Structures are given as C-alpha cells and as structure tokens.
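Please model the entire structure based on the sequences and the hints provided.
Respectively, the protein sequence lines represent chains A and B.
FYI, the numbering for the first sequence is 0 to 139, going by numbering that gives the first Met the number 0.
FYI, the numbering for the second sequence is 0 to 307, going by numbering that gives the first Met the number 0.
Possibly wrong hints are sitting among the right ones.
DSS-like, lysine-lysine: derived pairs with alpha carbons at most 30 Å apart [stated by the list, open to error]:
1. Lys260(B) / Lys121(A)
2. Lys52(B) / Lys77(B)
3. Lys31(B) / Lys260(B)
4. Lys57(B) / Lys121(A)
5. Lys1(B) / Lys147(B)
6. Lys154(B) / Lys143(B)
7. Lys184(B) / Lys5(B)
8. Lys260(B) / Lys1(B)
9. Lys121(A) / Lys52(B)
Derived by calculation from the structure, the hints in this document are not laboratory data.
In this text the structure is predicted, and so the values were computed from the model without any measurement.
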Amino acid sequence: MTLAGIEADIDACNGEAADAARLLALSEQVLEQWIIARGDTPTHETREGFRLLALHRQGARDLPSFNACRETCREIAYHYNLMEVSRDAALSAVANVRNARMMALVAKHLLLFVSGKMQSEKLGEFCCAARPLRQDEVTS
Amino acid sequence: MKTEYKRVAYYPGCALEGTGHAYNQSTREVGKVLGLELDEVKNWNCCGAMEVKNVDPKVQTYLSSRVMSIAANEMGAKVVMAPCNGCYHNLKKAEYDLSHDETSRQVVDRISQQAGHETYQAGQVETIHALDWIKQGVGEDELKRRVKNSLQGLKIANYYGCMYTRPRHIFPEKDQGGGSESTSKPHFMDDLLAAAGAENVDFPLKTACCGGAHVLSDSDTSTKLVLNILQAAELAGADVIATECPTCHSGLEMHQVRAEKVLGKKTHVKMMYFTQLLGVALGVSPRKLSVHENASDPLELLKSRGFA
Numbered sequence: 000m001t002l003a004g005i006e007a008d009i010d011a012c013n014g015e016a017a018d019a020a021r022l023l024a025l026s027e028q029v030l031e032q033w034i035i036a037r038g039d040t041p042t043h044e045t046r047e048g049f050r051l052l053a054l055h056r057q058g059a060r061d062l063p064s065f066n067a068c069r070e071t072c073r074e075i076a077y078h079y080n081l082m083e084v085s086r087d088a089a090l091s092a093v094a095n096v097r098n099a100r101m102m103a104l105v106a107k108h109l110l111l112f113v114s115g116k117m118q119s120e121k122l123g124e125f126c127c128a129a130r131p132l133r134q135d136e137v138t139s
Numbered sequence: 000m001k002t003e004y005k006r007v008a009y010y011p012g013c014a015l016e017g018t019g020h021a022y023n024q025s026t027r028e029v030g031k032v033l034g035l036e037l038d039e040v041k042n043w044n045c046c047g048a049m050e051v052k053n054v055d056p057k058v059q060t061y062l063s064s065r066v067m068s069i070a071a072n073e074m075g076a077k078v079v080m081a082p083c084n085g086c087y088h089n090l091k092k093a094e095y096d097l098s099h100d101e102t103s104r105q106v107v108d109r110i111s112q113q114a115g116h117e118t119y120q121a122g123q124v125e126t127i128h129a130l131d132w133i134k135q136g137v138g139e140d141e142l143k144r145r146v147k148n149s150l151q152g153l154k155i156a157n158y159y160g161c162m163y164t165r166p167r168h169i170f171p172e173k174d175q176g177g178g179s180e181s182t183s184k185p186h187f188m189d190d191l192l193a194a195a196g197a198e199n200v201d202f203p204l205k206t207a208c209c210g211g212a213h214v215l216s217d218s219d220t221s222t223k224l225v226l227n228i229l230q231a232a233e234l235a236g237a238d239v240i241a242t243e244c245p246t247c248h249s250g251l252e253m254h255q256v257r258a259e260k261v262l263g264k265k266t267h268v269k270m271m272y273f274t275q276l277l278g279v280a281l282g283v284s285p286r287k288l289s290v291h292e293n294a295s296d297p298l299e300l301l302k303s304r305g306f307a
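Have a look at this one:
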C-alpha cells in the first residue's frame, strides 16, 4: 500500500469505529514503507512486545534524525495498550472513543513525519508536494 | 536552587527580535518579577540556525561559539540563557562539538583569530534554556508563593517541539534523575505551569515535529502536521497550547490559519508562550507580556476566564 493509501485508511479510522489493532498495523505499514524505500527488508522482530518499536529501531539505523519519531511510536504503543486495557475495564464509551481518536491522530503524525522524511531524503515517489526537490534535480 | 542562574548572559537570538517579539518581552517581564537578571550578550550574532548549518556545519559551530566567547571573555559570564529552542540547540551542539571534535576546534580557532576575538574554549560557559532558568533559578515553591492570579481552571497542553531534547547526546545534564529534565518526556514547562495553578492535560504530541523545516519546501505537510498537533491538543481538552520556541509558536499560529483556509479545518485552541502564561499568573498585565501580538488571539479567552 502507498503512504497516501495508508493515510486514507488512518483518516477512516479517526472516528467511533477506530480499532487499536488496525491502527497499530497501519503504523507498522508506514515504517515498512520507509525501510523498504531505504533498500532494507522490514523486520518481524518485536521490542517491548511491539513490532512497531523494532521497525522504528531498524528505520533509525545510521540515521539518528529518524529518532525524532521515536516518542511518536512509543505513544502509539501506549495508546494501543490503553485501548486494550480500557476494553477489559469497560471504560465509558466516551473515553474509548477519545482514546481511539487520539491514537489515530498520533498514527497520522507518524505518517506525516515519515512522508516529509521520505522527501528530504529523496526516497520514494511523490506527487506535486515533492516538486521543489524534483526541480532541483532537473536544474542541477 | 542554582544561585548562578540569578544573573545570566541573555542571548535572545534573531527570532526574538522578529516574530518571537512577544517571547522576548514576556521573558524579560517574568525575569523582572522573579528577581532574575538578564545581561544581553553584546553584539551577538545569529547562531547559524538551519540555513548555515546546512551549508557548512563548522561555520555554524563557529557562529554559536562566538556568542559564547563574548559572554565568557568579554562579559565574564558563567551562564548563557537562550529562550529559543534553535539557538539553545545550536549552542549546546557547538559546545559538544568543541569538546569532542579536534577539527571543529581548529576551524573555530582559525575563524576566531581572523575575526579578532578570543577563541571560545569548551566548558567556559553553561548554556541553559529559559525553562532551566526559571525552574532551577526560582523553583516551583517560590513561584507558587509569588502567584497573584492563579491559572486555576485553565487547561494547558505543553508543547516542547523537537529541538529542546534532541539529539540526546548534546544535553548531558538531562536524564540524570533527581528532578533533571527528561528527553523522552520533558516536564519542566508542565511543572512551572502547574505551580502557577494551571491544569496540564495529557498530550501525546508534546515533542512531535511541527514541520518547521518544511515550511517553505512543503507547506502542505507542515500544515497537516500542525493541524494534527492542534486537533490532538483539543481532543486532550486543552484551552491553550503552551510553547517555549518561537519557531514552533509561529508555525502553530500560522498553520492554524492556513489549515482553515486550505484544508477547511478550523481549530479553536490558543497558543501562548509559557512566559506569557507565567506572567499572567504573576500579575503582569497582558499588554506588557505582548499577548495582543499572538495571532491566535488568546486575550479574549483570558478575559472570559477572569485572568485579564
């Protein structure tokens, strides 16, 4: 799936129907896109119980600036746990919807950050948003 | 408390003379009320920001080192306070480079000699942020004692941005336990505003990227990143996003307007520098804190809650 497709799916999750497992999987797909674009194979290992955190660690290898999304990944993991616990604890529907919407926003932030990073590292295919970089390549 | 923070060399940086004027003004006002003295660094220059760093990082190291050299060698200062995250970050990075990299030392020495001033030597000054200055120069107990206009009832999302804590290795004083600042979950601003009576909300994007580096190359991504931060703050129940960086602050305010125009998404949360919020709590008038300069117009909110 493309980043644009993942973004559309995250946006579709940003409501009452949001599902923690689905949002976690979409977040993993964002990092998979990044790792594949860098010519690597996404890991299936986990860290602290989350593949997402292992993928982040892999994506930040030799590129410390990618750690700027480390806490975002950890917040996604935190919200996943929060939603799983709240399902068992029978929290109010309002609290569950709020947690789900927040997890979707944090997942969206990861996607936007990685999209920008893909551009600045000149990785992947882009629409007109990458125009300045492409123009630079044409003129140089 | 750190008594050496009572009087510090003040490095406002370029942004605080432009879009961040309100931050400059409110920092000075809060300092006055709290009995903290600022000696502005004489004839200071740009820290190198992003622009110079991208062209030649060693020149950026020199530019930041010159600021520290003036503070140490011409003013006899031991501490330099930089309220801007970009300046703070660059001075800390220069300090790290000069401590660890011989080439950086040689380049800085050569340019300093050509420029006709003493070469800065690593360790001559300690660079701190405005948050350190108030948190460790005054502390929450003293701040509580001085509050005249408690911010009780005001819900705040504290937004630190990405340069205040990253990369970790240039901030050796952080993550040391015992009340030191955390790079993964910074809390100094939360602590100060809680002491001023505010209610801090749980905000998951407190250190997330605001897209500041993409403002010109890809405004749409910046707008989406900011919109996400604003929506998350509102979802968390915040009335105000407290900021401590002029670039983040301007980005949040400008892209709030752009998100409404371009994406049709309106958000209502207000942006205020943490120094403006502390100033209000300390009884300083909003005009003296330049609250009227904030594009998100928080004055009405302050008035409606009885803070102004």
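We went through each hint and held it up to the structure:
Proposed proximity of Lys260(B) and Lys121(A) is supported: the alpha carbons are some 29 Å apart, at most 30 Å. As the CA atoms of Lys52(B) and Lys77(B) are separated by approximately 26 Å, the hinted pair is consistent with the 30 Å bound. As the CA atoms of Lys31(B) and Lys260(B) are separated by approximately 40 Å, the hinted pair breaks the 30 Å bound. Only pairs whose Cα atoms come within 30 Å are accepted, and Lys57(B) paired with Lys121(A) is accepted, the gap being roughly 24 Å.
Simply put, Lys1(B) and Lys147(B) have alpha-carbon atoms about 24 Å apart, close enough for the 30 Å limit, and the pair holds. Only pairs whose Cα atoms come within 30 Å are accepted, and Lys154(B) paired with Lys143(B) is accepted, the gap being roughly 18 Å. Of the pairs offered as hints, the one joining Lys184(B) and Lys5(B) holds, with about 26 Å between alpha carbons and a cut-off of 30 Å not exceeded. Simply put, Lys260(B) and Lys1(B) have alpha-carbon atoms about 47 Å apart, too far for the 30 Å limit, and the pair is violated.
Between Lys121(A) and Lys52(B) the alpha-carbon distance is near 19 Å, which keeps this suggested pair within the 30 Å criterion.
Hints 3 and 8 from the earlier list are contradicted by this structure; the remaining hints agree with it.
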